[in-house]
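Enquirer: With the working numbering, you'll find the sequence shown wraps up at 160, consecutive numbering, no jumps.
It should be emphasised that the hints constitute simulated quantities derived from the structure, not laboratory data. Hints are not guaranteed to be accurate.
[Stated by the list, open to error] With a straight-line Cα cutoff of 27 Å, these simulated BS3-like cross-link-like pairs (lysine-lysine) come out:
no., residue 1, residue 2
1, Lys23, Lys102
2, Lys146, Lys134
3, Lys95, Lys62
4, Lys134, Lys62
5, Lys102, Lys62
6, Lys146, Lys14
7, Lys14, Lys102
8, Lys23, Lys134
9, Lys146, Lys23
10, Lys23, Lys95
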Amino acid sequence: MPFFIGIVPPEDYKEHILVFRNKWAKTFRNRWDNNGFRAPVEPHITVKLPNGLTEDMNWLEKVRETCSSFPIFQLTLSEPGTFGTAVTFLSVESKEIYNLHKNLVDAVSPPPELIDSNIELDNFIPHLTLGQTKWGMNEAEIIEMKLAAREHYLFFQASM
1 MPFFIGIVPP EDYKEHILVF RNKWAKTFRN RWDNNGFRAP VEPHITVKLP
51 NGLTEDMNWL EKVRETCSSF PIFQLTLSEP GTFGTAVTFL SVESKEIYNL
101 HKNLVDAVSP PPELIDSNIE LDNFIPHLTL GQTKWGMNEA EIIEMKLAAR
151 EHYLFFQASM
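Generate coordinates for the entire structure from the input sequences, incorporating the hints supplied.
Expert: Here is the structure:
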């Protein structure tokens, strides 16, 4: 089972996101015959990818220490965006989340060959995924979802 470390939004914001996802899924469900969107993962912001998070869980205590010693911080869900045509997301604004990410990578200490240099450390882009092609969406729907999220942007403006 792959692990990751993430931040789950407060219940009221999570509910807004789930309502948006569900409304989206209902609107386009007839077009998605093999849609995995019916049960996407809980809304979260990934702070550390699975690299180095082994099944033996030897990393868990270091992660707990890192998180418990990290100061509480605010973050803001903001402008919708996409990673190409594969993922629609809400941007995350927070300087501190970058520091937490780096501290977690340092704590886990994955071998350099396991660190995905495209999306960790200097290339880390904090975000909350709204939809993705691996949930059964197609590329056009990813773009449509971004536009729909932009229309609903006021509902997503939140500090956590």
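Enquirer: Look at each hint and say if it fits the structure.
Expert: Quick rundown of the hints versus the structure:
Restraint check for Lys23 and Lys102: the C-alpha separation of about 35 Å exceeds 27 Å, so the hint is violated. With a CA separation close to 16 Å, the supplied pair Lys146 and Lys134 stays within the 27 Å bound. Under the criterion of a C-alpha separation no larger than 27 Å, the hint pairing Lys95 with Lys62 is consistent with the structure, at around 22 Å. Our distance criterion of 27 Å between C-alpha atoms is broken by Lys134 and Lys62, whose separation comes to about 31 Å.
Of the supplied pair hints, the one linking Lys102 and Lys62 holds, its CA atoms being roughly 13 Å apart against a limit of 27 Å. Between Lys146 and Lys14 the alpha-carbon distance is near 18 Å, which keeps this suggested pair within the 27 Å criterion. Under the criterion of a C-alpha separation no larger than 27 Å, the hint pairing Lys14 with Lys102 is consistent with the structure, at around 25 Å. The hinted pair formed by Lys23 and Lys134 meets the criterion: a straight-line CA distance of about 19 Å does not exceed 27 Å.
Taking the CA atoms of Lys146 and Lys23, the gap is about 14 Å. The hint holds against a cut of 27 Å. Pair hint Lys23 plus Lys95 does not hold up; C-alpha atoms about 32 Å apart against a cutoff of 27 Å.
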